[in-house]
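Asker: Each chain, written out:
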Amino acid sequence: RGGEMAKLTQLIDNEVFRAYATYATIVLLKMMLMSLITAYFRITRKAFANPEDTASFGKGESAKKYLRTDADVERVRRGHLNDLENIVPFLGIGLLYALSGPELYTALLHFRIFAGARIAHTFAYLIPLPQPGRGLSWAVGYAVTISMAYKVLKTALYL
Amino acid sequence: RGGEMAKLTQLIDNEVFRAYATYATIVLLKMMLMSLITAYFRITRKAFANPEDTASFGKGESAKKYLRTDADVERVRRGHLNDLENIVPFLGIGLLYALSGPELYTALLHFRIFAGARIAHTFAYLIPLPQPGRGLSWAVGYAVTISMAYKVLKTALYL
Amino acid sequence: RGGEMAKLTQLIDNEVFRAYATYATIVLLKMMLMSLITAYFRITRKAFANPEDTASFGKGESAKKYLRTDADVERVRRGHLNDLENIVPFLGIGLLYALSGPELYTALLHFRIFAGARIAHTFAYLIPLPQPGRGLSWAVGYAVTISMAYKVLKTALYL
Chain A
1 RGGEMAKLTQ
11 LIDNEVFRAY
21 ATYATIVLLK
31 MMLMSLITAY
41 FRITRKAFAN
51 PEDTASFGKG
61 ESAKKYLRTD
71 ADVERVRRGH
81 LNDLENIVPF
91 LGIGLLYALS
101 GPELYTALLH
111 FRIFAGARIA
121 HTFAYLIPLP
131 QPGRGLSWAV
141 GYAVTISMAY
151 KVLKTALYL
Chain B
1 RGGEMAKLTQ
11 LIDNEVFRAY
21 ATYATIVLLK
31 MMLMSLITAY
41 FRITRKAFAN
51 PEDTASFGKG
61 ESAKKYLRTD
71 ADVERVRRGH
81 LNDLENIVPF
91 LGIGLLYALS
101 GPELYTALLH
111 FRIFAGARIA
121 HTFAYLIPLP
131 QPGRGLSWAV
141 GYAVTISMAY
151 KVLKTALYL
Chain C
1 RGGEMAKLTQ
11 LIDNEVFRAY
21 ATYATIVLLK
31 MMLMSLITAY
41 FRITRKAFAN
51 PEDTASFGKG
61 ESAKKYLRTD
71 ADVERVRRGH
81 LNDLENIVPF
91 LGIGLLYALS
101 GPELYTALLH
111 FRIFAGARIA
121 HTFAYLIPLP
131 QPGRGLSWAV
141 GYAVTISMAY
151 KVLKTALYL
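Protein chains in written order, with full-length UniProt numbering: chain A, 1 to 159; chain B, 1 to 159; chain C, 1 to 159.
If you're looking for bench data, these hints aren't it; they were derived computationally from the structure. Don't take every hint at face value.
Put simply, identical chains are the same to the list, so a pair is met inside one copy or across any two.
List time: in silico SDA-like cross-link candidates among lysine to any residue, alpha-carbon distance up to 20 Å [stated by the list, open to error]: (1) K154 <-> A39; (2) K30 <-> A55; (3) K151 <-> A49; (4) K30 <-> L81; (5) K65 <-> I127; (6) K151 <-> Q131; (7) K59 <-> T155; (8) K154 <-> N82; (9) K65 <-> L29; (10) K46 <-> V140; (11) K30 <-> V140; (12) K65 <-> P130; (13) K151 <-> A47; (14) K46 <-> P132; (15) K151 <-> G133; (16) K59 <-> T38; (17) K154 <-> T44; (18) K30 <-> L84.
A quick note: this is a predicted structure, and the numbers were derived from the prediction, not measured.
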């Protein structure tokens with residue numbers, strides 16, 4: 001057992017893998033933050049999706065009016081879904097990329113740009129910035145993921 | 001090749017990794033169950049999103065009326081999306097956590113509480129239970145993920 | 001460091017793991033394609049979700065009319081969400097399955113059928129094909145994931 005654990009620890013000791021672990025955790029925490037921001041807007045805008053969430057505002061019609069959509073809530077939710085659509089590919093392809101033996105410098109470049117692009121995307125979505133701010137930050141993250149996918153397929157392709 | 005396969009098998013032989021594999025699979029199967037529950041409500045409530053799904057109910061206007069949203073269907077769909085938003089971070093951060101060399105006892109505690117919280121969240125959403133039942137079960141899973149993220153960053157941080 | 005990197009490279013040298021890496025990357029790229037198809041329909045149908053996305057069409061009321069839903073855009077978005085709901089379990093369970101020591105032939109069979117089913121599902125959704133085309137392709141991918149989950153739990157179960 002000691003030997004196995006050592007081997008696992010070696011994985012997390014590898015610098016490329018540590019960089020992946022760091023940036024994957026950062027973008028996932030950033031994505032998780034969207035839940036809190038959604039909750040914040042739901043409570044301050046009084047806009048809920050479930051009847052049981054409005055029960056504290058009273059019964060019947062007086063509570064029902066808070067079962068509604070709100071532009072700010074929907075905006076955060078779209079940002080959250082966009083995170084899912086883009087961070088899931090980064091998680092999967094990034095892990096395989098980290099295991100495909102890239103140079104540390106190149107790997108760090110990919111991870112840092114992706115994390116920066118997704119953080120910029122969130123600000124662009126929530127402020128919101130005029131286009132093409134949000135579009136560009138989305139495209140940068142997308143391109144980084146494609147670049148990692150290319151390296152994975154070049155290294156590992158086995159159909 | 002025999003040697004490599006042995007090494008892979010060693011990963012799955014590690015007890016912390018086996019615990020991760022078990023609980024990750026359980027929460028993913030639970031999430032997949034939401035698709036079946038959605039299908040069940042779509043069929044019993046006759047509420048579909050695509051015209052081609054209503055073709056068996058006849059043609060034209062008679063089928064068109066089944067292209068509608070239904071409160072129960074939408075509730076399951078919200079639960080499914082909430083699963084995605086919370087189980088994706090658990091999958092990624094939990095894997096890195098399992099590789100960061102935690103104590104078996106501590107790791108099991110994290111995995112068991114997370115899985116229990118997400119199962120409780122599903123019941124709270126679908127029954128539905130009065131708040132703060134659903135909110136608390138959500139928060140417990142969220143806190144467990146944050147705790148694992150802290151361990152990952154403490155062990156692996158490489159910016 | 002050389003030794004650690006060698007060990008990582010061994011992981012990606014394992015044939016089952018290479019097959020997982022290949023098919024996981026393929027289905028993730030396919031899922032990422034949905035973003036481009038959504039953007040294509042949003043632009044050609046002039047149907048946007050954010051006011052800042054319509055600014056190039058002019059100001060005030062003239063731009064506001066492009067803040068609308070479009071049947072084709074919504075269809076692609078449903079396909080994208082269905083991808084997330086099904087490809088996330090494949091990523092997680094498939095990785096654990098690849099590490100659980102399956103026969104190469106069996107593993108390839110699972111990965112190929114899953115990837116084929118999801119590609120068929122996308123065509124069935126976007127063309128769209130009459131049912132049960134989409135339903136069947138969805139069910140095949142679902143069944144493959146359940147089969148891999150069974151192998152993972154049989155090999156690794158540690159509650």
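Asker: Between the shortest in-copy and the shortest cross-copy C-alpha distance, which are at most 20 Å for K30 and A55: within, between, both, or neither?
Answerer: Neither. Shortest intra-copy (30 Å) and inter-copy (28 Å) distances fail the 20 Å Cα cut-off.
Asker: Within a copy, between copies, both or neither: where do K151 and Q131 come within 20 Å Cα-Cα?
Answerer: Neither: 31 Å inside a chain and 38 Å across chains, both beyond 20 Å.
Asker: Have a look at K30 and L84 and pick one of within, between, both or neither, based on CA distance no larger than 20 Å.
Answerer: both (11 Å within a copy, 15 Å between copies)
Asker: Evaluate K65 and L29 at a C-alpha cut-off of 20 Å and name the case that applies: within, between, both or neither.
Answerer: Neither: 33 Å inside a copy, 36 Å across copies.
Asker: With identical chains, the pair K151 and A49 could be close in the same copy or across copies; at 20 Å between alpha carbons, which is it: within, between, both, or neither?
Answerer: Classified as neither; 43 Å inside a copy, 34 Å across copies.
Asker: With identical chains, the pair K154 and T44 could be close in the same copy or across copies; at 20 Å between alpha carbons, which is it: within, between, both, or neither?
Answerer: Answer is neither: 50 Å inside a copy and 35 Å across each miss the 20 Å cutoff.
Asker: Tell me, please, which holds for K59 and T155 at an alpha-carbon limit of 20 Å: within, between, both or neither?
Answerer: Neither. Shortest intra-copy (61 Å) and inter-copy (50 Å) distances fail the 20 Å Cα cut-off.
Asker: From the Cα coordinates, with 20 Å as the cut-off, is the pair K30 and V140 best called within, between, both, or neither?
Answerer: both (17 Å within a copy, 18 Å between copies)
Asker: State whether the alpha carbon distance between K46 and P132 is at most 20 Å within one copy, between copies, both, or neither.
Answerer: between (31 Å within a copy, 16 Å between copies)
Asker: Within, between, both or neither: how does the pair K151, A47 come out at a Cα-Cα threshold of 20 Å?
Answerer: Classified as neither: same-chain Cα gap 45 Å, cross-chain 35 Å, threshold 20 Å.
Asker: Given a CA cutoff of 20 Å, do K30 and L81 count as a within-copy pair, a between-copy pair, both, or neither?
Answerer: Both. Shortest intra-copy (13 Å) and inter-copy (17 Å) distances satisfy the 20 Å Cα cut-off.
Asker: Between K65 and I127, at a C-alpha cutoff of 20 Å, which is it: within one copy, between copies, both, or neither?
Answerer: neither (27 Å within a copy, 22 Å between copies)
Hints 1, 2, 3, 5, 6, 7, 8, 9, 10, 13, 15, 16, 17 from the list above are not met by this structure, while the remaining hints are.
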